[in-house]
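Please model the complete structure; the sequences and the hints are all you need to start from.
Residues per chain are reported as follows:
There are 2 protein chains.
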Amino acid sequence: MTDPLPDRDDNARHAEKAKKRKAAHDKKLSGMTDSKGLIIVHTGTGKGKTSAALGMVFRHIGHGMPVGVVHFTKSEKWNTGEAKLLAQFPELATLHIMGEGFTWETQDRERDIAAARAGWDRARELIRDDRHRMVLLDELNIVLRYDYLPIEEIVAVLLDEKPADKHVVITGRNAHPALIEIADLVTDMTLVKHPFRAGVKAQKGVEF
Amino acid sequence: MTDPLPDRDDNARHAEKAKKRKAAHDKKLSGMTDSKGLIIVHTGTGKGKTSAALGMVFRHIGHGMPVGVVHFTKSEKWNTGEAKLLAQFPELATLHIMGEGFTWETQDRERDIAAARAGWDRARELIRDDRHRMVLLDELNIVLRYDYLPIEEIVAVLLDEKPADKHVVITGRNAHPALIEIADLVTDMTLVKHPFRAGVKAQKGVEF
Chain C
1 MTDPLPDRDD
11 NARHAEKAKK
21 RKAAHDKKLS
31 GMTDSKGLII
41 VHTGTGKGKT
51 SAALGMVFRH
61 IGHGMPVGVV
71 HFTKSEKWNT
81 GEAKLLAQFP
91 ELATLHIMGE
101 GFTWETQDRE
111 RDIAAARAGW
121 DRARELIRDD
131 RHRMVLLDEL
141 NIVLRYDYLP
151 IEEIVAVLLD
161 EKPADKHVVI
171 TGRNAHPALI
181 EIADLVTDMT
191 LVKHPFRAGV
201 KAQKGVEF
Chain Y
1 MTDPLPDRDD
11 NARHAEKAKK
21 RKAAHDKKLS
31 GMTDSKGLII
41 VHTGTGKGKT
51 SAALGMVFRH
61 IGHGMPVGVV
71 HFTKSEKWNT
81 GEAKLLAQFP
91 ELATLHIMGE
101 GFTWETQDRE
111 RDIAAARAGW
121 DRARELIRDD
131 RHRMVLLDEL
141 NIVLRYDYLP
151 IEEIVAVLLD
161 EKPADKHVVI
171 TGRNAHPALI
181 EIADLVTDMT
191 LVKHPFRAGV
201 KAQKGVEF
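Sequences listed follow chains C and Y, in order.
Per UniProt numbering, the first sequence starts with residue 1, numbered consecutively.
Per UniProt numbering, the second sequence starts with residue 1, numbered consecutively.
Do not rely on the hints blindly, as some may be mistaken.
Each computed DSSO-like pair below joins lysine-lysine, with the alpha-carbon atoms no more than 30 angstroms apart [to be verified]:
#, chain 1, residue 1, chain 2, residue 2
1, Y, 201, C, 204
2, C, 201, Y, 201
3, C, 36, Y, 19
4, Y, 17, C, 36
5, Y, 201, C, 162
6, Y, 22, C, 20
7, C, 22, Y, 19
8, C, 204, Y, 204
9, C, 201, Y, 204
10, C, 193, Y, 22
11, C, 162, Y, 193
12, C, 201, Y, 17
13, C, 84, Y, 22
14, Y, 84, C, 84
15, C, 19, Y, 193
16, C, 19, Y, 201
17, Y, 36, C, 22
18, C, 22, Y, 22
19, C, 193, Y, 36
20, C, 162, C, 17
21, C, 20, Y, 36
What the simulated footprint calls covered on chain Y by chain C, stretch by stretch (three residues with Cβ under 8 angstroms from a Cβ of chain C suffice, anywhere in the stretch; the number is not a length) [said to hold, decoys possible]:
#, stretch
22, 125 to 133
23, 184 to 191
It should be emphasised that the hints constitute simulated quantities derived from the structure, not laboratory data.
Glycine included, C-beta positions come from ideal geometry on N, C-alpha and C.
Structure representation (structure tokens):
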């Protein structure tokens, strides 16, 4: 991997700025108790980050509440269980997979950035509208980790443009400190035991 | 809570016995690489244990693979998003909620044990049959924590009676050491930040 990662000072500065924005955001929402649109982050090296987000997505579907999903991943697996099930609820579920744009193997950074931008533009529409009750930004953390999108812009949209009752769930390892700072709910999925060490491959229904 | 918890020596002994059974189980399965029915445990004090299990359950549904779900929980919430969505796939999903039998507030231990036993009997049927590809035993860890079911029996059924290609997912805090010992995949959901501290109640679509 030759792409430069953001350095620690940058991260600390962004986290500090985010903290101030978060305080203003909390003040705006003060008084709400029963319901609040949450910024939820699933991070860590263990499994279950995307699965736990999908559990909430499908709870929404079960309740008849519209959801939007953007997968920020490089993957040829379009035929996932989640994609097939979401497709059965066209009135409730919007799915955007930007996977095929990614070119990490070929190190075409400009093309990766363009794909990330297209995914984020779609994500922003879903975050801003009044229709979707939950928006899942799957593996956005990876995109931010490689600095393909500016963290300031993501934080600003989440704090300033997200309707107060909408939940946004962001997954992926190495969540940016500025994102953790503004999040309401952060869970670290910690690896205890993993079957791949025993030579078992990713399985249908479990990993996809 | 007045119920006695199993002591540490008991736990260590059970874990040691489970380790031996697990070795025999692994030997039986040796040679399988591409697919293997996994024993998966989601534990820890963070959120996402049940949600991540449901994500896999709904991936299975999306792929048209039958699943069984047993909720070992005390809850008046029958009208959850997951229950509503599973009910839309009667050919694929079997749901057993043993919640109403539980009486933790009234400390009626005998009645709790009877409810746990009824849930486990149903779970065992689902684990043994050849039809369901994944079985979720939600909050079974809580039941085991209070010694309402004998851990030896659960371990024996998982190792000796589960078809080789079936996945079993077990959730709940404080997973028993003997269960962790025989599991293929264990994730600890670690709390980093929680919105309830800010006075936000459990919300539709997120928690249920």
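Violating hint indices (sorted, rising):
Violated: hints 1, 2, 3, 4, 6, 7, 9, 13, 17, 18, 21, 22.
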